[in-house]
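Student: Construct the entire structure; sequences and hints are all you get.
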Amino acid sequence: MTAREQILTGIRTALGRTGSASSLPAPLVAPLLRDPQLGRNLYIQVFAQNLEKLSGKVFVVPDGGAVPGALRELLRGKNAVASNAPFLKSCGVIGFEQVRSGFADREALRDSCASADIGITSADYALAETGTLVMLASPAEARLISLLPPVHVAVIPQSRILANLDELLATIPKPAEQTSSMVLITGPSRTADIEQILIRGVHGPGELYAVVVESL
Amino acid sequence: MPDVPTEQFAQTLADPRLQLAIYSATQRLIDHRAAAVAVDRLPDYQALRTRANEIKRHTIEHLDYYLEQLESNVIAHGGKVIFCRTGDEVADFVLGLAKERNARLIVKSKSMTTEEIHFNDHLERHQLETVETDLGEYILQLAHQRPYHIVAPALHMTRYDVADLFTRTLGVDKEEVPENQTKIARATLREKFLHADIGVTGANFLIADSGAVVVVENEGNARLSSSAPKIHIAVAGIEKLIPRAQDLAVFLNLLGRSATGQPLTSYTSFLSGPRRTGEIDGPDEFYLVLLDNGRTKLLSDPEKRQSLYCIRCGACLNHCPVYRKIGGHNYPWVYSGPIGAIITPQFHGVAEDSWLPFASSLCGACAEVCPVKIEIPKLLLKLRSEVTEAQRIQGSGALERLTFWLFAWVMTHPRVYRMLASLGAKWAPVPPKVGPLKKWASTRELPRLAPKSFHQLWGERRGWP
Amino acid sequence: MPRASLFVTCVVDQLFPQVGLAAAEVLQRVGYEVDFPQAQTCCGQPAFNSGYPEEARKVAQHFLGVFRDSEYIVVPSGSCTSMIAHHFMDVFPEGSNERDEARRLGARVWEFSRFLLEVAGVEDVGARLERAVTYHDSCHALRELRVKDGPRRLLAKVRGLELREMDAAEQCCGFGGTFSVKFPDVSAAMAGTKIESIRKTGAETVVSVDSSCLMQLEGVIRRAGLPIRTMHLAEVLASR
Numbered sequence: 373m374t375a376r377e378q379i380l381t382g383i384r385t386a387l388g389r390t391g392s393a394s395s396l397p398a399p400l401v402a403p404l405l406r407d408p409q410l411g412r413n414l415y416i417q418v419f420a421q422n423l424e425k426l427s428g429k430v431f432v433v434p435d436g437g438a439v440p441g442a443l444r445e446l447l448r449g450k451n452a453v454a455s456n457a458p459f460l461k462s463c464g465v466i467g468f469e470q471v472r473s474g475f476a477d478r479e480a481l482r483d484s485c486a487s488a489d490i491g492i493t494s495a496d497y498a499l500a501e502t503g504t505l506v507m508l509a510s511p512a513e514a515r516l517i518s519l520l521p522p523v524h525v526a527v528i529p530q531s532r533i534l535a536n537l538d539e540l541l542a543t544i545p546k547p548a549e550q551t552s553s554m555v556l557i558t559g560p561s562r563t564a565d566i567e568q569i570l571i572r573g574v575h576g577p578g579e580l581y582a583v584v585v586e587s588l
Numbered sequence: 082m083p084d085v086p087t088e089q090f091a092q093t094l095a096d097p098r099l100q101l102a103i104y105s106a107t108q109r110l111i112d113h114r115a116a117a118v119a120v121d122r123l124p125d126y127q128a129l130r131t132r133a134n135e136i137k138r139h140t141i142e143h144l145d146y147y148l149e150q151l152e153s154n155v156i157a158h159g160g161k162v163i164f165c166r167t168g169d170e171v172a173d174f175v176l177g178l179a180k181e182r183n184a185r186l187i188v189k190s191k192s193m194t195t196e197e198i199h200f201n202d203h204l205e206r207h208q209l210e211t212v213e214t215d216l217g218e219y220i221l222q223l224a225h226q227r228p229y230h231i232v233a234p235a236l237h238m239t240r241y242d243v244a245d246l247f248t249r250t251l252g253v254d255k256e257e258v259p260e261n262q263t264k265i266a267r268a269t270l271r272e273k274f275l276h277a278d279i280g281v282t283g284a285n286f287l288i289a290d291s292g293a294v295v296v297v298e299n300e301g302n303a304r305l306s307s308s309a310p311k312i313h314i315a316v317a318g319i320e321k322l323i324p325r326a327q328d329l330a331v332f333l334n335l336l337g338r339s340a341t342g343q344p345l346t347s348y349t350s351f352l353s354g355p356r357r358t359g360e361i362d363g364p365d366e367f368y369l370v371l372l373d374n375g376r377t378k379l380l381s382d383p384e385k386r387q388s389l390y391c392i393r394c395g396a397c398l399n400h401c402p403v404y405r406k407i408g409g410h411n412y413p414w415v416y417s418g419p420i421g422a423i424i425t426p427q428f429h430g431v432a433e434d435s436w437l438p439f440a441s442s443l444c445g446a447c448a449e450v451c452p453v454k455i456e457i458p459k460l461l462l463k464l465r466s467e468v469t470e471a472q473r474i475q476g477s478g479a480l481e482r483l484t485f486w487l488f489a490w491v492m493t494h495p496r497v498y499r500m501l502a503s504l505g506a507k508w509a510p511v512p513p514k515v516g517p518l519k520k521w522a523s524t525r526e527l528p529r530l531a532p533k534s535f536h537q538l539w540g541e542r543r544g545w546p
Numbered sequence: 002m003p004r005a006s007l008f009v010t011c012v013v014d015q016l017f018p019q020v021g022l023a024a025a026e027v028l029q030r031v032g033y034e035v036d037f038p039q040a041q042t043c044c045g046q047p048a049f050n051s052g053y054p055e056e057a058r059k060v061a062q063h064f065l066g067v068f069r070d071s072e073y074i075v076v077p078s079g080s081c082t083s084m085i086a087h088h089f090m091d092v093f094p095e096g097s098n099e100r101d102e103a104r105r106l107g108a109r110v111w112e113f114s115r116f117l118l119e120v121a122g123v124e125d126v127g128a129r130l131e132r133a134v135t136y137h138d139s140c141h142a143l144r145e146l147r148v149k150d151g152p153r154r155l156l157a158k159v160r161g162l163e164l165r166e167m168d169a170a171e172q173c174c175g176f177g178g179t180f181s182v183k184f185p186d187v188s189a190a191m192a193g194t195k196i197e198s199i200r201k202t203g204a205e206t207v208v209s210v211d212s213s214c215l216m217q218l219e220g221v222i223r224r225a226g227l228p229i230r231t232m233h234l235a236e237v238l239a240s241r
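Chains as they are written, first to last, in my numbering: chain A, 373 to 588; chain B, 82 to 546; chain C, 2 to 241.
Hint data in this document are derived by calculation from the structure and do not stem from the laboratory.
Be aware that one or more of the hints could be misleading.
A few chain A residues that face chain B, going by a derived Cβ cut-off under 10 Å, partial list only [to be verified]: (1) E377; (2) Q378; (3) L380; (4) T385; (5) G388; (6) V401; (7) R406; (8) L410; (9) L414; (10) V418; (11) V432; (12) I569.
We treat Cβ as the ideally placed atom computed from N, Cα and C, and that holds for glycine.
Tutor: Take a look at the structure:
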C-alpha cells in the first residue's frame with residue numbers, strides 16, 4: 373500500500389467508515405461572507421486611515437496625470453523597477469528615467485529588483501477596512517517587485533478599492549483559477565521577535581506607499 | 082507526581098528576568114487580541130467562532146473527501162502532492178528531490194509542523210544547508226534551541242543574548258541594537274534567498290476547492306521562500322484543510338486577531354502551484370507534502386478529534402496562567418501551552434509525560450479565547466481519566482487510587498464523614514506535612530479544620546441530637 | 002415562605018463554616034426558609050478533576066438522593082455549582098436515569114450570588130461593611146456560570162464598602178484542587194501574581210464566591226506576612 377492509500381484508509385477507519393467517500397453525505401452550509409457595512413464614498417478615506425495606522429503613506433491624486441507629480445520627490449536620486457501593469461503606463465510612471473520596466477525574464481527581473489531602491493506596482497484590489505493591497509501574479513505583475521526592494525509603491529484606481537476581505541472573496545471566489553499567487557499586503561514587513569520591539573523592513577519592504585487615483 | 086520536571090520548573094520560576102519576559106510578552110498579546118475582538122471592532126466575533134468550529138468539524142469529519150479534492154486541484158494547477166506517514170518520509174522525499182535537482186541550499190519559513198518532525202536536523206545530517214529565515218527561528222537555529230512559543234519563538238531571549246549569538250556564530254562585531262541586529266539578519270538571509278535552490282514553507286490553511294496553500298506572516302520570508310527559489314515545497318499536517326477559499330473570510334478574520342491582535346498580518350499568500358504560463362517569476366515546481374505523523378490516531382477518537390481544529394494562533398498559550406509561569410521549554414514537546422497539553426498525550430500516548438494533563442488548574446481561560454472553540458478543559462479531564470485508567474491496568478498509582486476510593490466511600494456514608502470530620506478537628510486540625518502535602522506545605526501556610534463544622538454548628542442551633 | 006436548600010460544600014463545612022452560616026443568614030434575610038439536608042457531603046469534584054470519574058459518579062449519585070426533593074439548591078461556591086450543574090452529566094452513562102436526573106438537577110442548582118439576584122430578585126440585602134475590598138473572579142463562576150457583574154452589583158449596595166478593581170481580576174488564583182498539591186510551586190507562583198495585583202489596589206480584603214480560591218490566596222498571603230484579609234461574598238453580605 374502506498375503512503376497515500378494508507379493515510380486515506382487510516383482516515384476512513386478512524387472516522388468509522390467503510391468504503392471510499394466520493395461525495396459528501398451532507399454539504400457544508402454556504403460560506404459566511406458579510407455584506408459591507410461601509411459606504412462606498414468612504415472607501416478611499418478609510419483605506420488611507422488604515423494603511424497610515426500601519427506606517428504606510430497614502431497619496432490621493434485627482435487623476436492619472438497627477439501621479440508622476442506625486443512620485444517625483446520619492447524617486448529623486450533613486451532607481452526603481454516597475455511592473456508591466458498597463459495602469460502604470462497610462463499614469464506616466466514608466467516615463468521616469470530612473471524607472472526600469474518591461475521585464476519578461478525572471479533572472480533579469482530578480483537581479484534588477486535586488487539592486488533597486490524602489491519597486492512600483494499597481495494592485496488588483498485594495499481593502500479599505502484593513503489598508504490592504506491585493507496583488508495577483510500575472511504577466512503584468514511579477515511577485516518580486518513588491519517584495520525585494522526596500523520601498524514598495526502601489527498606484528491604484530479608487531474603483532479597485534473594496535470594503536474588506538469578505539467582499540474580496542465574494543468578488544473572487546476562486547483566486548486559483550486566475551493566478552498561482554494572490555498576496556494580501558497589509559502594511560510594511562515587520563517583526564517583534566527581539567524583545568517584542570516592533571521593527572519594520574525585515575525581509576520585505578520597510579516602507580509602503582499607495583497612490584490612489586480618484587477619477588478612475 | 083512521577084516524572085514532573087520539578088527542577089526545571091523551579092529554575093524557570095526563580096528567574097525574575099525570564100518571568101518578566103514571559104509575562105509581559107503574553108500580556109501584550111492578550112491586550113492586542115482583546116482590542117481586536119472587542120465588540121465595537123468585531124461585533125460578530127462569537128458568531129465567527131461558532132462558524133469556524135462548524136467548518137472545522139465538518140472538514141475533519143470528511144477529511145478523506147477533502148484531501149482527495151485538494152489533491153486533484155493541486156495537480157490540476159501543475160503541482161504535485163506527496164503523502165507522508167512520518168517525518169522520515171518527508172525528509173526522504175526532500176532529500177531525494179534535492180539530489181535529483183542538485184540542490185545544496187534550502188531556505189525555510191516558519192513551520193511548527195517541520196519542528197515537529199525535526200526536519201532541519203534530518204537534512205543537515207545529509208549536508209543540505211537548511212536556513213531558517215523567520216527572524217526568531219533564525220536566532221533559535223543559530224542557538225540550537227526549540228521555539229518558546231508558537232507565535233513568538235524567541236520570547237525568552239534578550240537583545241544581549243542575540244548580540245552574543247550573532248558575534249559567536251556569524252563573526253560580526255558585537256551589535257546590541259535590535260534594529261541593527263535585524264539589518265544583519267536581513268542582509269545575511271537576503272543572500273540565502275537569492276541563492277537557494279528550494280524554498281520550504283508551512284501552510285496555515287490548505288484550501289480544498291482551490292488546491293492552494295495559505296501562508297500568513299509578517300516578515301516577508303515566506304513570500305521570499307515561496308517565490309525566489311525554483312522549487313517550492315509546502316509541508317502541512319493533513320488537518321490544516323478548509324473546504325473553500327471563501328471560508329477564509331471566517332478563518333482569516335479570526336487568526337490574526339487571536340494571535341497578535343492584527344486584523345490581517347503584513348502578508349497573506351494564497352499559493353496554488355508553480356507559476357502559470359506568462360507569469361514572470363515564481364517557482365517552476367510546486368510540491369505539497371501532506372503529513373500524518375499520528376493525526377489519524379487523533380482522528381479516531383470522536384470526543385478528542387476536535388484537537389485537530391487548531392489553527393495555531395497561540396491565544397491559549399498567552400492566556401494560560403500555567404504557561405505564563407513555566408514558559409514554553411518546560412513542555413515536553415514542540416507544541417506547548419494548553420494545545421500542547423492535549424495533543425502531546427494523544428500523539429505520544431498517556432504513559433509518557435503522564436503529568437502533563439494534570440498541569441492545569443482547569444481555569445478555562447484557554448477555551449474562552451480559542452477561535453475554533455476547542456473544549457480544552459474537557460479534553461484535559463478526559464485525558465486525566467485515561468492516565469489513571471492506564472495506571473490501573475499497569476498496576477501503578479495504587480496509593481492515589483485507594484485514596485480516591487476511600488474518598489468516595491466516606492462521601493457516600495454521611496455519618497462516617499461527620500465522624501471523621503469531628504475527629505480530625507480534634508486531633509489533627511492541620512493536614513500532616515507528609516508525602517505530597519509536604520511540598521504543598523512548603524509554599525504556603527496551611528488551612529486548619531474548624532473546631533466545629535457547619536454541620537455541628539447548624540445542628541446545635543436546631544437542637545439536633 | 003419559600004424554601005432554599007443549602008449545600009454548603011465540604012470545604013465550607015470543614016474549614017469555613019462561618020461562610021455557611023453567613024449564607025444562611027442572608028437567605029433568611031431575603032425571605033427564604035433555609036433547609037439543610039443533613040446527609041450532604043461533597044459534590045465529588047476532587048475525584049472528577051483527578052481523573053476518577055467512577056468515584057465521582059458514586060458521590061454524585063449520593064448527592065442526587067440527598068437533594069431529590071429540593072426546589073432550590075443554593076451553593077456558596079462557583080466550582081461546586083459548576084460540577085453539579087455541568088459535570089454530573091459527564092459521570093453518568095448516556096441514556097441512564099441518573100443522567101436525566103442530573104440534567105434536570107442543573108435547573109435547580111444555584112450559585113449563591115445568582116440565587117440572590119435571579120431567584121430572590123434582590124440586590125440590596127441590607128449589608129454594611131466599611132472597608133476597601135477587591136473582587137476575585139473565580140474561574141468556574143466566571144467562565145462556566147457567567148458570574149461577573151452579579152457579585153459586583155451586590156457589593157455596590159453594601160453600605161460603606163469601596164470596591165477597587167484589580168487588573169488581574171480574571172486570572173486564576175492557582176488552586177485548581179489537586180493541581181495545587183501536584184504542582185505546588187507553580188500554584189504558589191500563580192497566587193503570588195494575584196496577590197501582587199491585590200496589593201496594588203491597596204484594598205485590605207479580597208472577596209470571592211469560592212472559599213477554595215480564598216483558602217489558596219490566604220495560604221500564600223499568610224506565608225508572605227501581608228495584612229490582606231479574605232472574605233466570602235456571603236460573609237460580606239451578612240455583615241451589618
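Student: For the hint on V418(A), just tell me whether its beta-carbon gets within less than 10 Å of chain B.
Tutor: violated, 13 Å
Student: Hint validation: G388(A) versus chain B, beta carbon distance must be below 10 Å. Holds or violated?
Tutor: It holds, given that the least Cβ distance between G388(A) and chain B is near 8 Å, below 10 Å.
Student: Regarding the hint that V432(A) lies at the interface with chain B, is the smallest CB-CB distance below 10 Å?
Tutor: violated, 22 Å
Student: Holds or violated: the hint that Q378(A) contacts chain B, with Cβ atoms closer than 10 Å.
Tutor: For Q378(A), the interface hint holds, since the closest Cβ of chain B sits about 6 Å away, which is under 10 Å.
Student: Regarding the hint that R406(A) lies at the interface with chain B, is the smallest CB-CB distance below 10 Å?
Tutor: At about 7 Å, which falls below the 10 Å cut-off, the nearest Cβ of chain B leaves the hint on R406(A) intact, so it holds.
Student: Quick check on E377(A) please, does its C-beta sit within 10 Å of some C-beta on chain B?
Tutor: holds, 8 Å
Student: Please verify that hint: L414(A), Cβ, nearest Cβ of chain B, below 10 Å or not.
Tutor: Result: violated, 17 Å to nearest chain B Cβ.
Student: Let me know if the C-beta of I569(A) comes in closer than 10 Å to any C-beta of chain B, holds or violated.
Tutor: At 5 Å from the nearest chain B Cβ, I569(A) passes the 10 Å test, so the hint holds.
Student: Against chain B, with CB atoms and a cut of 10 Å, does the hint on T385(A) hold up?
Tutor: holds, 7 Å
Student: Please check whether V401(A) passes as an interface residue: C-beta within 10 Å of a C-beta belonging to chain B.
Tutor: holds, 7 Å
Student: With a cut-off of 10 Å, does the beta carbon of L380(A) approach a beta carbon of chain B closely enough for the hint to hold?
Tutor: holds, 5 Å
Student: Go through the hint on L410(A) and say holds or violated, using the shortest Cβ distance to chain B against 10 Å.
Tutor: Because about 14 Å separates L410(A) from the closest Cβ in chain B, which is outside the 10 Å limit, the hint is violated.
Violated hints, listed in ascending order, are 8, 9, 10 and 11; each of the other numbered hints is respected by the structure.
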